[in-house]
Amino acid sequence: MTDAQNLVKVGMADLNVVGNSGILRTTGLGSCVGLTLYDPQIKVAGMAHVMLPSSDIARESQVNIAKYADTALPVLVDKLVELGAVKRRLIAKMAGGAQMFAFAGSGDTMRIGPRNVESCKEMLKKLGISLQAEDTGANYGRTIEISSETGILTIRSVQKGVKEL
Amino acid sequence: MEIFSKLEGFKLDVLKEVGNIGAGHAATALSQLLNKPIDMAVPKVQILPFEDIAEKVGGPEKIVLTVFFRVEGDAPGNLFYIMAPEAGKSLLQRLGAFVPTDGLDLTEMEQSALGEIGNILAGSYLSSLADFTNLAMSPTVPALALDMAGAILSYGMIQFGEMGDAALLIDTTFVQGNDEVEGQFFLIPDPESFDKIFAALGVPFDND
Numbered sequence: 001m002t003d004a005q006n007l008v009k010v011g012m013a014d015l016n017v018v019g020n021s022g023i024l025r026t027t028g029l030g031s032c033v034g035l036t037l038y039d040p041q042i043k044v045a046g047m048a049h050v051m052l053p054s055s056d057i058a059r060e061s062q063v064n065i066a067k068y069a070d071t072a073l074p075v076l077v078d079k080l081v082e083l084g085a086v087k088r089r090l091i092a093k094m095a096g097g098a099q100m101f102a103f104a105g106s107g108d109t110m111r112i113g114p115r116n117v118e119s120c121k122e123m124l125k126k127l128g129i130s131l132q133a134e135d136t137g138a139n140y141g142r143t144i145e146i147s148s149e150t151g152i153l154t155i156r157s158v159q160k161g162v163k164e165l
Numbered sequence: 001m002e003i004f005s006k007l008e009g010f011k012l013d014v015l016k017e018v019g020n021i022g023a024g025h026a027a028t029a030l031s032q033l034l035n036k037p038i039d040m041a042v043p044k045v046q047i048l049p050f051e052d053i054a055e056k057v058g059g060p061e062k063i064v065l066t067v068f069f070r071v072e073g074d075a076p077g078n079l080f081y082i083m084a085p086e087a088g089k090s091l092l093q094r095l096g097a098f099v100p101t102d103g104l105d106l107t108e109m110e111q112s113a114l115g116e117i118g119n120i121l122a123g124s125y126l127s128s129l130a131d132f133t134n135l136a137m138s139p140t141v142p143a144l145a146l147d148m149a150g151a152i153l154s155y156g157m158i159q160f161g162e163m164g165d166a167a168l169l170i171d172t173t174f175v176q177g178n179d180e181v182e183g184q185f186f187l188i189p190d191p192e193s194f195d196k197i198f199a200a201l202g203v204p205f206d207n208d
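So the sequences go chain by chain: A and B. Residues in the first sequence are numbered from 1 upward in steps of one, following the UniProt record's numbering. Residues in the second sequence are numbered from 1 upward in steps of one, following the UniProt record's numbering.
Keep in mind that the hints were calculated from the coordinates and are not lab data. Take the hints with a grain of salt, since some may be wrong.
[Stated by the list, open to error] Straight-line Cα separation of at most 20 Å, SDA-like style, residue types lysine to any residue; simulated pairs:
#1 A:Lys9 to B:Glu51
#2 B:Lys62 to A:Val162
#3 A:Lys87 to A:Gly19
#4 A:Lys9 to B:Ala166
#5 B:Lys62 to A:Gly161
#6 A:Lys9 to B:Ala41
#7 B:Lys16 to B:Leu33
#8 A:Lys43 to A:Asp56
Here chain B stands alone, though its shape is the one from the complex (with noise of 0.2 Å):
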C-alpha cells in the first residue's frame, strides 16, 4: 500500500512518540482518578493487516469493552479504549462510586460513568497530542460498545479500507498492579492524517 511504503524507520518511531506522549497524559489522568500509580508499555506503532488487529485484543470474537471516540480536528482518526468486561467494572468499584453488578451486562449507569472514564482519558490524550503538535484535535462525545472485538475495532478501519487491506495502529497498554484495570488504547489516525501530523512536527513526508 503506497501510503505505508513511506512511512518506515526515523517516521514510525515519531508517531510512536505521538503515542507516547498522548497515552502518557492519558495515564496521568487514570492515576489521578484512581489515585493509584499506574504503569504503561512502551507504545507499539504497527501496520498491521485488518485480520491482525483484533488479534492485539484476544481475537475477533473476544469480548471487549471499548469506549470509541472519533476524532476530529486537523489530524482526524479513530480513539479506542479497549478493556476487558471484568477490568471495566473493576475500574468502577475502584472510583468508589459503584458496586458493580453480575455478569457482562452494564446497567445505563455503569455505562455512562464508563463513557465519562473514557471521555477523561481521550480528552488528556488528545489534548497532549494537540499541545505537541500545535494540531487542534477533539474527540467525539464517547460511544460505548460491549461487543467482539472484531465487530468493534473494523468500526477504525473502515477509512483505511479504501486505501487498501492493512491499516497503522499506535497501540499503549495501561497496567496497573495486579492488572484488574488494565486497558489498551488504540489510535488509528486516518491515512491523510500522517502528513498533517509529521508537517506539523517538522518531519518532511513525502522526500526520503
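Excised from the complex, chain A in its bound form (with noise of 0.2 Å):
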C-alpha cells in the first residue's frame, strides 16, 4: 500500500473521487462496505464506504446521502460523470460486509455486513453497472484502497494479508 500525497481518505459513511492518478483509501471497514466504480477511459475513479443497505431506516432529519447503500451509489455514479466518465463504462468492485461476530438469535442488526453487500449489489443492477469482482463477507476487517491509474482495488486485512482485485 502506497502512502502517496495524493491519497484521498473516505471517511465511515463517506464518499469521494478521484483522477489524475489519485488513490482512494478507507480503512477499518467491518460490516461497512467500501464499494468502487471505475472508468478504465479516462481513469477516474469513486469510492463510497457504506454503512447501512437503505435508507428507509433512517430517522435523522437531515441525510447523509454517503451512509445508505441505495443513496450514495447514485451520486457516486454522477460525481464520476461530472469528472467526464461514462456510466456504461464503469467498473464496480466491493469490498467488507463482514460479519464481525458470530452469534445466533439477535436479529437484523447481525446480519448488517451481509445485507449491505446485498443492498449494493441491487443498487448496481438497478444503474446497470456490472459487478467486476469482491472480497465480502466472512469475520475480519478491510482496509482498502483503489489507484485511478490501475483501477486497481488493493484489499489489506489482519488475518489474510494483502489481496489484489
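Assemble the dimeric complex from its two separately framed chains, guided by the hints.
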C-alpha cells in the first residue's frame, strides 16, 4: 500500500472521487461495504464507505446520502460523470460486509454486513453497472484502496494479508 | 442530531456516574481475579463522530483484542472490552493458567479464557448498573475479535447510524501497575435507552 501524496481518505459514511493518478482509501471496514467504481478509459475512480443498506430506515432529519447503499451509489455515479466518466464504462468492485461477531438470534443487526452487500448489488443492477470483483463477507476487518491509474483494488486485512482485485 | 441536543451538562454527568458505577464493579472483579489492585480512570462521556471513536483506541487500523457483548433487557446497547493484544496475553499469564503463545494469534483455549474474563467483567458492570437503575440489563454470550479497531467498533454504531453520524460513548480505562493489563470499557447505549436510563434515575429527559 502506498502513502502517496495524492491519497484521498474516505471516512465512514463518506464518498469521494479522484482522477490524475489519485488513490482513494478507506480504513477499518467491518460490516460496512467499500464500493468502488472505475472508468478505465479516462482513469477516474470513486469510492463509497456504505454503513447501512437502505435509507428507508433513516430517522435523521438530514440524511447523509453517503451512509446508505441506495442513496450513495447514484451520487457516486453522478460525481464520476461530472469528472468525465461514462456510466456504461464503469466497473464496480467491492469489499467488506463482514459479520464481525457471530452469535445466533440477535436479529437483523447481526446480519448488517451481508445486507449491505446485497443492497449494493441490487443498486448496481438497477444502475446497469457490472460487478467485476468482490471480497466480501467472512468475519474480519479490511482496509482498501483503489488506484485511479490502474483501477486495481488493494485489500488488506489482519488475518489474510494483502490481496488485489 | 436531535437526541444529543437534550444531552448536556447534568445529564452527561449522570451517564458518567453510570459508567463509574459499572466500571468500578468490573475493576473490583478484575482485581479479585488477578489478586492485584486495579486502578480506574474517571469515566469519559463523549458524543463523538463515528470517525473519531476508533481514534480513542489508536485509530481505525490499530489491531485490538475485543470482547464484545450485546446488552439485552430494558436499556439495550453495546459493550466492548478492548485491550492491546499483548495486554490480553499478559492478562492470561497473570491468571496463572497459561503460558502465552507468541505472536498475535490466540489458541482456542486462550480465546475461551479471555471470553470468560470478559464475561465476568461485563457481568459485574451490568449487574451493578441494573441494581442502580432497577432496569434489567444482561450481556449476551461473549464474542471475541482480534482485528482492526474501526471494523470492530463500527459495529457498535449501527443503531446510531439510522439517526445521525455520531454516537455517545461511556469510556473507562483500567490500569494495573505498569500498564500491562490496561483495558478499556466502551458502553454505547442504543439511542432509545437514554430516556429509560434517565427515567429510571428520576432525571427528567424531555423538559429542559
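A quick look at each hint next to the structure:
1. Taking the CA atoms of A:Lys9 and B:Glu51, the gap is about 12 Å. The hint holds against a cut of 20 Å.
2. Simply put, B:Lys62 and A:Val162 have alpha-carbon atoms about 16 Å apart, close enough for the 20 Å limit, and the pair holds.
3. Distance check on the hinted pair: A:Lys87 and A:Gly19 sit about 16 Å apart at the alpha-carbon level, within 20 Å; holds.
4. Annotation: proposed proximity of A:Lys9 to B:Ala166 holds, straight-line Cα distance about 19 Å (limit 20 Å).
5. Only pairs whose Cα atoms come within 20 Å are accepted, and B:Lys62 paired with A:Gly161 is accepted, the gap being roughly 15 Å.
6. In summary, the hint linking A:Lys9 to B:Ala41 is not supported, as the alpha carbons are separated by about 33 Å, beyond the 20 Å threshold.
7. Our distance criterion of 20 Å between C-alpha atoms is broken by B:Lys16 and B:Leu33, whose separation comes to about 25 Å.
8. Between the alpha carbons of A:Lys43 and A:Asp56 the distance comes to roughly 34 Å, so the proposed pair goes past 20 Å and is violated.
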